[in-house]
Amino acid sequence: MAKVLRTGNMSKCIGCFSCVLVCAAFNRKSHSIQKSCIKIRTYGGVSGKLVETVCHACREPACAAACPSNALTLRKGGGVTLEKDQCIGCRRCQSACIINAVNFDEDLNEPIICHHCGLCVRYCPHECLSVVEVND
Amino acid sequence: MIYQKTVRVLYIDMQAKKIRIVEREDLKQYIGGVGVASILLEENMRPELPPLDPAQPIVFAIGGLSTIYPVITKTVAMFISPLTGELGESYAGGRMALTMFSAGFDAIVIYNKAVKPTILSISANDVNFRDAEPLWGTGKDNVGQVVRAFEHKHSGKRSTIRIGPGGENQVAYACVTVDRYRHFGRLGLGAVFGSKYLKAISIAGGRDIPIRNFQSYFKTYREIFERCTKSDVMAKYHDTGTPINVEPLNEAGALPTLNMRQNRFEHADKVSGEAFSQDCLVRKLSCSGCPVGCIHLGQFRREFAAHGHEYETITVGYDYELIFALGTFLGLSDPKEILELIEEVELAGLDAMSAGVVLGWATEALEKGLVTNEDTIVPLVFGSYKEYCAAVHYIVSGENEFYKNLGRGVKYASEVYGGQSFAMHVSGNEMAGYHTGYGSLVGAAVGARHSHLCNGGYSVDQGMKDGNIDPDKIADALLAEEVERCMLNSLVICLFARKVYDRGTILSAFAAIGENMTDDDLTAAARRIFATKLRIKKALGFRLRSVKLPKRFFETPSMHGQLDEATAYEIMAKYQEKITALESAVKG
Amino acid sequence: MTTGGWAARYTDERITFLEISENSTVADAISAVGIPASEAGIVVLDGKAVPKDHLLSNGDEIKIHPLIIGG
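Protein chains in written order, with the working numbering: chain A, 967 to 1102; chain B, 216 to 803; chain C, 12 to 82.
Read the hints as simulated data drawn from the structure, not as lab findings. Note that the structure is predicted; figures quoted are calculated from it, not measured. Heads up, the beta-carbon is just placed ideally off N, CA and C, and yes, glycines get one too. Where hints are given, some of them may not hold.
Derived lysine to any residue pairs resembling SDA-like cross-links, with alpha carbons at most 20 Å apart [to be verified]:
1. B:Lys680 x C:Gly45
2. C:Lys63 x C:Gly82
3. B:Lys766 x B:Gly776
4. B:Lys331 x B:His367
5. C:Lys59 x B:Glu481
6. B:Lys789 x B:Arg742
7. B:Lys601 x B:Leu581
8. B:Lys583 x B:Leu512
9. C:Lys59 x B:Lys331
10. B:Lys445 x A:Val1087
11. A:Lys1015 x B:His367
12. A:Lys1015 x B:Leu512
One-sided and incomplete, this derived list gives chain C residues near chain B with beta-carbon spacing under 10 Å [claimed, not checked]:
13. Val55
14. Ala60
15. Pro62
16. Lys74
17. Ile80
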């Protein structure tokens, strides 16, 4: 069994950005929200909804298919893992993902790939996010 | 910046459309926030010119620990207040601190007047002066929507700071709205924006700021996060929020009602925090970086045409201060009517507290014949919200001489028409919603920005027993809290978290990012910052001994009974002695 | 005693009938209900605010308010 992120309860989201801040801090050792896997933004301004953008752990990920150098390998449970040595920084993975879940790290010249660690879930004060177990 | 030896200041000349970035090592000793902003205000202000002169600066600053720990979410704005003519200092949350941080600026100084209405667009790599002509004078609040369109690539990492028609027309208590639901409310920053043709500022982040010592940083972050979310300390700000204050203040006889003729409201139960939660609350939001979520949004349905069942839904933020100023103070007992009046004030871009107090005075002035029906255009009567909604529009437009005068604040208006004894301001800033005792009253007089937030005077009153008035102790308590808040506001924490951020936590937070401060360092910085503010106030002509408190504060009883005028002035005199001593100590 | 919805965190009851020993104070009653002393604000008995060390009598009805909060 493997773990994947689910984001089903966004109506409770208060826009605190804790998920974004801890992801960037823990996974990329950065204080910058640019380095987070998960993004939170408004849909039509602050008076509209809050929406998340994060990897949905596709079983047949378009990002991997688009990668010309095989730098994205399939992950158990869905989604991908980045082989840094193979990545050339072409950003085709970013364009391929229709939900815009692939961020790009300009400083390291590589995509920011979610590995469903679940830290964002732990730091959400309102249980908007969850981690579920799925078949490998 | 954190990890740096310097404070990074962005200077913006609105007229020449030029910028300068200066790395200031000398500002590090002021930590950040109000500490840095005070020095920048002192350096750039022109005491010999009026507050709304184009040469006057607007200073924004974030703090020594901004955004990297929970609930350290605020940005301070400092300016010369067009309302009081002296120190202007105001705080707002939203996303501004986060975006300033990730754009890489610790402080921003804006000066001179643009040639035409402008939106400032600030990012890590650029500052743009964009045309805001189509948005000026329209009375619409779609600035955010326009900014979202031309700044599309910064989606999710942008803050929008804007004024409404109140600011455009330079009403003395016009506010600045931050990300829709937060404000630089008090003391008229909106008018200063208006006087520079500054319609809005958009700030977008983008810089990488690598964490230096991940293990110690994340451990400290986690500990603070748990205290903010798991303990009780912050819960009440989320549950019912500050509106919970209505009933206890009413019970205690400290709830300013009907222009403070009364200290209780017979319909308090109808406008209590619980009443709002049950009838109107639809959503809670937070500022970026705060897991508490204290923003309470209420909703009401409004018919916009007489026939045909034509309705619109309005969602508006409410807090205790608004329920007091635009509710109990004006005799409104229906939460939906209060929300509608809040929305009018919000669209106008005025400070809700000042607007309410001003309208309360105007109502009584009309009642007593100091002004006429011709002056007020509509009959202002306590409890009649539709007329108040109309009056808000007239204040913004300066519809006639009376409303122009009203737009300069209740102190000014009462000096023109009379009724000074019931013009409920303290040293020019309209009162806050607490008539708890000498703490709240004297606290507002001696507070550097005449706000209940300077020194939490109501807390001093809450801790006192009846009949035990020690002027020296009260002065000490107010001074100690004000000086301490100078340090807290240099970080810049949200004051709701002041119980989480005790000295020990603050020192750990600094240590975890490699800045080894001591308790004495924090105290020294606090006193240094306070002394700076006192110098600014003096340079702008403020003299504590000249403050005259409106008589009604001594006529309507407070939570601790009727207040005595002589005692109030005695506490103020003692306070003056203490700050004179502090000033010499800091200088020497 | 009545507390109002604010104390939902500490007690399910809005109105509670308490049996407490003689010579109990208001503070004792507050803690008997499970509300932390640091969270309790004004207490009203017979329409008047009473201090926390006030001694209670049989049949007394008190209303506990939360602290006044703000910045």
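Hint numbers not upheld by this structure, sorted from lowest to highest: Numbers 1, 2, 4, 8, 9 - these are the hints that the structure violates, sorted from lowest upward.
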